[in-house]
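Participant: As you go down the protein sequences, you meet chains B and X in turn.
Residue numbering for the first sequence follows this note's numbering, starting at 1 and increasing by one per position.
Residue numbering for the second sequence follows this note's numbering, starting at 1 and increasing by one per position.
Check before you lean on any hint, since a few could be wrong.
To be verified - Just a few of them, taken from the derived set where beta-carbon distance is under 8 Å, the chain B residues facing chain X:
| id | residue |
| --- | --- |
| 1 | 119 |
| 2 | 121 |
| 3 | 163 |
| 4 | 272 |
| 5 | 278 |
| 6 | 320 |
Simulated from the structure, these hints should not be mistaken for lab results.
Glycine residues also receive a C-beta, built at the ideal position from the N, C-alpha and C atoms.
Take a look at the letters that make up each chain.
Number of protein chains: 2
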Amino acid sequence: MNLDMIEAAAERLAGHARVTPMLSSPFLDEIAGRRVLIKPECLQHTGSFKFRGAWSAVSGLTEQQRAKGVIAFSSGNHAQGVALAAKAHGCAAVIIMPADAPRSKIENTRALGAEVVLYDRAAGQQREPIGAKMSAERGLTLIKPYDEPLVIAGQGSTGLEIARQAKDEGVDTADVLVCCGGGGLTSGIALALEGHAPGLRARPVEPEGFDDVARSLAAGSIQANSGPQQGLCDAIITPQPGNLTFPIIHRLCGPGLVVTDAQVTSAMKEAFRRLKLVIEPGGAVALAAALYHPGSLQGDAVIAVASGGNVDADLYAQVLADD
Amino acid sequence: MNLDMIEAAAERLAGHARVTPMLSSPFLDEIAGRRVLIKPECLQHTGSFKFRGAWSAVSGLTEQQRAKGVIAFSSGNHAQGVALAAKAHGCAAVIIMPADAPRSKIENTRALGAEVVLYDRAAGQQREPIGAKMSAERGLTLIKPYDEPLVIAGQGSTGLEIARQAKDEGVDTADVLVCCGGGGLTSGIALALEGHAPGLRARPVEPEGFDDVARSLAAGSIQANSGPQQGLCDAIITPQPGNLTFPIIHRLCGPGLVVTDAQVTSAMKEAFRRLKLVIEPGGAVALAAALYHPGSLQGDAVIAVASGGNVDADLYAQVLADD
């Protein structure tokens, strides 16, 4: 896994993924006590950065592999990214999703042409045997959500844009806060910044109770989450960092940051008020850290990736209504 | 009022106004039955295109004028645009606002450093005498919201970006739907397109009951709204088109389009679901026309300007909750 792979992925993505802008608001600067720049990947195709990795992976397969189709496991954002990337390549996609994933994510994945297979995680049903059986029968290629070089390379294209845009904004040194689940986006951005913006340092951000990456960084080895596997920030809840992603994160990233659910919903409201952006809970953890953990950050500026915006309307309305 | 003035304004705006991206969603294309491109000016500084005209106007004053300060009348978006543009120029700003304007717009205008003077329009209080008295006493320069060449020129910079971005997207012919109040944005965009993208045609869009521009276009002369001066789409409700803006709109624009409040809230929900954008009611009329008036449009593509996103959280939550 190296910078060349990210640059190659960025070339495959050119004209297909959206170059998202860099946003800001004086009101957010005031809360944070420093300049805040937001990289809104919620504006990416399918509403999250996952489209980048999915496009990178599908476009990196052989014709023969694409002819048989792809399969993915996902609670939603990777699912939609793979569905749209596969559709655009004329490639069949099977997505294994938990039956209790946000309704909009399941509906969108279907509407993007994928065959969705639901499993009941509450009843202890495992997704891997379901996927293994379908893959074996149909010769589908598995596209992992993060522990896959082509996917990490695609997510890393976000980091190339951040490096360029930060320079345009006159920001040479800053913490770059990344919403972190399995670590694909964080490791990809970290590699891109190492090559193109050495003054910018990636840092993973996680929700309280699901801070496996922060604890792994502190321990120097992979630590898993115990307890429940579900929470408000569903998009970025994973059992533990990836075997490919963690060594990169460990080598390049600063310490992990952990935010509360209350900070997450507050950041979602600020994004609504000040940026006119819809951010889902898992996509708001980095902004929450930028706004509410100023003492843990270094530099005159902070860059926060808003990684996705796929939140159901009823949950969003409830977040806005709470005071 | 001509193209040179728009290009000069665009130069003054460079590096200060945001170049907003061009967004899209396959789900919106499907509803509209054609390709839909959205120009999200809700992502502009202060959450609406009004910042462009305000910056153009303040930067176009003499040093002496700026030293005395500026004054504006506005229900909210022009107010915030003028407040921020004035602050960035080190210039005092007085804004006369109706006391029943959306709370967030009043608060933001104050927070951006302007002196806000409220008047009670329900009680029949008139804003003009209040403004005239303050202007006379302090030598403030009035920045009109639309019937002012420097303001039209600033709004027209949106049209320069649309011309360039449409070309990048391979769109040569399309209706460009513009949320229309007094006509500053519509006339500015129309002039920019005339010069840079003759295959693109600007068309004003208004809410039902406040369709003065559509009726004026049909009649060939300025017509006024009768009845109430308030409605869901507060940002774009004006008594009648401007004396400067209407002749430009009449010469260059296609027929006006009129949408219902139900179509407006539906478009707001689609922007939430499919674009992750917060759009205020007045900023959603163009998207509503793009989605729900396909028979009135020409071409394989349509471009809709989402002109602003300054909506109060309680109203927005209510819109999302309604099925």
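Participant: Does each hint hold? Answer for all of them.
Facilitator: Cross-check of the supplied hints:
1. 119: 25 Å, violated
2. 121: With Cβ-Cβ at 25 Å, over 8 Å, it is violated.
3. 163: With Cβ-Cβ at 19 Å, over 8 Å, it is violated.
4. 272: 6 Å, holds
5. 278: 4 Å, holds
6. 320: 4 Å, holds
Violation of the numbered hints given earlier is confined to hints 1, 2, 3; the remaining hints are satisfied by the structure.
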